[in-house]
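Chemist: Next come the chains, spelled out residue by residue.
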Amino acid sequence: MRRAWKTAALVGALMTACDAPTIPGRDPSDVYAFELPSLPPIIMRWPAGRTIRIHATPGRDETGTQRLREALDAAAAAWNSHAVFAEYRLERTADVAHADVVLAWSDVSLPVDTDDCRPALTQAVTTFCIDGLGTDSARVRPFPMRDGTPSGVRMIVLVLASEAAAVDRLVAHELGHVLGIGRHSDDTRDLMWRTDPQVSRPSRRDAATVQVLYHTTPDITP
Amino acid sequence: MHGEPASLDAPAGGRISCSMEFIGKHVRASAEAAFPHCRKRLPLPALLALFMLHGPGGLAAQRLAFELRAGVIASSALAEDAVANPALASALDGAFGGSVRAEPGTGLLLSIAARSQLRARSAIDVALGWSRAVLHAVDGDGRRRMQDLDAAQATVGIRYDVTSWLEGGCGFGMLRYFAAAGLFLDGGEISPLIECGAGTWIGPHRRFSLRALGQMHRFRTPALRDAGGRTGTVYRYGVQAGFRIGGGS
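These protein sequence lines are chains A and B, in that order. In case it helps, the numbering used here puts the first sequence at residues 79 to 300. In case it helps, the numbering used here puts the second sequence at residues 11 to 259.
These are computed hints drawn from the structure, not numbers from a lab. Please read these numbers as outputs of a predicted model, since none were measured by experiment. Be a bit skeptical, because a hint or two may be false.
Selected chain A positions facing chain B (in silico; Cβ < 8 Å) [to be verified]:
1) D97
2) P99
3) I101
4) R104
5) E148
6) A152
7) A156
8) S159
9) V162
10) F163
11) A175
12) H293
13) T294
Glycine included, C-beta positions come from ideal geometry on N, C-alpha and C.
The task is simple: from the sequences and hints, build the whole structure.
Modeler: Structural data, given as structure tokens:
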């Protein structure tokens, strides 16, 4: 009887003595700046747990359309693999009416009206416009549909049609901006490297940056 | 230990194999009492077959019992991400939202167990269990649903009658989680498990049981490892009600 109680006490002690599975905190050197380079600089990200739906606009031909979709699916999967605690989820949607983001080649007509918020086209670019910047009522302005009806689209990602060979890397990089990474890395090994990205998957530093971003209080959510 | 494949003529006319894993000397003794021409050791599948062939009355004679259990189980966090060390948290100038934990909610736990007396006050218990809960992320943004979380477990344990009404016991086994995203994006891993519990038998012929249990198991997943996470220990606590079939009163 006494031995049974001793055994139970030993097991009880063992059961409270071990550490929980833990990911250690990142160091400042593990991340790069992610706030938007606005005046004042602000932190923008989607609400935690949000599924961000991206519509790949059909291209001029089926090959281009398929290429864009494949790049989007690969990039979304790569970023999603770092949302270990379901902070976000990037997902392709076939219906622009349900989209938060529109992805397109630069040489196609967009399903939304960009007259009031024009993309400044480079190799690839993510465009959104903020109303009331610096105020408590700041918000990301939704793009209206071409027929003037409201839409839920808050960002546009354009890829230069001439950059088809680099579309995987470019789309993956732009999705980093879609998630809210507002700056660039100074390390060529990172997907968010400031110019033409050399890789098509987020690096450990990219992953750490987006993790910290999604556990930082945002100034604005799309 | 494996024996040679063999078959036997069961009293009810069926045939079962007794060529598989050894469970215990007492089980073999029970089985050999029922099947004297079977000289092989009896595995769990054979216990199930025994039940099907003999029914509860036969099991009682063999001191074998099956128990169906249902209950609820809660768990400590599967993983915690500190996100930022003090230096980074300070650099974020008050905007840092704190750490994040993956916490399973209280879920359903179903088990089926086979039990056989070892001695007057002790028994061996082999159980298969399944649990389902919802996994939540808890961080500065609140508590949000991540996904459904299933877990399958198998345990072997010893039960001991501490008093006439209190039974205690411990065992060990394996557990594996099944989920599709986040922490489990690249799958789960089988983890070693230790389980201890205490309970009592109630009702006519002591056929119903109530038990409380505690489990500890190691936990890691490929996704956790890729994120730089350390393997750690998860604790689960539950209560179950059971119904015994066979094994006498």
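Chemist: Each hint needs a verdict: does it hold in this structure or not?
Modeler: For each hint, the structure was consulted:
1. This hint holds: D97 (chain A) has a C-beta 5 Å from the nearest C-beta of chain B, less than the 8 Å allowed.
2. Given hint, P99 (chain A) at the interface with chain B, holds; its Cβ is 3 Å from that chain's nearest Cβ, closer than 8 Å.
3. The criterion of a C-beta within 8 Å of any C-beta in chain B is met by I101 (chain A), whose closest approach is roughly 4 Å, and the hint holds.
4. A cut of 8 Å between beta carbons decides the hint on R104 (chain A): the least distance to chain B is about 6 Å, and the hint holds.
5. At a threshold of 8 Å, the smallest CB-CB gap from E148 (chain A) to chain B is about 20 Å, leaving the interface hint violated.
6. Among the interface hints, the one on A152 (chain A) is violated; its C-beta lies about 15 Å from the nearest C-beta in chain B, farther than the 8 Å criterion.
7. At a threshold of 8 Å, the smallest CB-CB gap from A156 (chain A) to chain B is about 11 Å, leaving the interface hint violated.
8. Taking 8 Å as the C-beta contact cut-off toward chain B, the hint placing S159 (chain A) at the interface holds, the least distance being around 6 Å.
9. Checking V162 (chain A) against chain B by beta carbon gives a least distance of about 5 Å; that is within 8 Å, so the hint holds.
10. The interface hint given for F163 (chain A) is met, as the beta carbon of that residue sits about 4 Å from the closest beta carbon of chain B, less than 8 Å.
11. About 25 Å separates the beta-carbon of A175 (chain A) from the nearest beta-carbon of chain B, more than 8 Å, and the hint is not met.
12. Here the hint on H293 (chain A) is kept, as its CB sits about 4 Å from the closest CB of chain B, short of 8 Å.
13. At a threshold of 8 Å, the smallest CB-CB gap from T294 (chain A) to chain B is about 5 Å, leaving the interface hint in force.
Of the numbered hints listed earlier, those contradicted by the structure are 5, 6, 7, 11.
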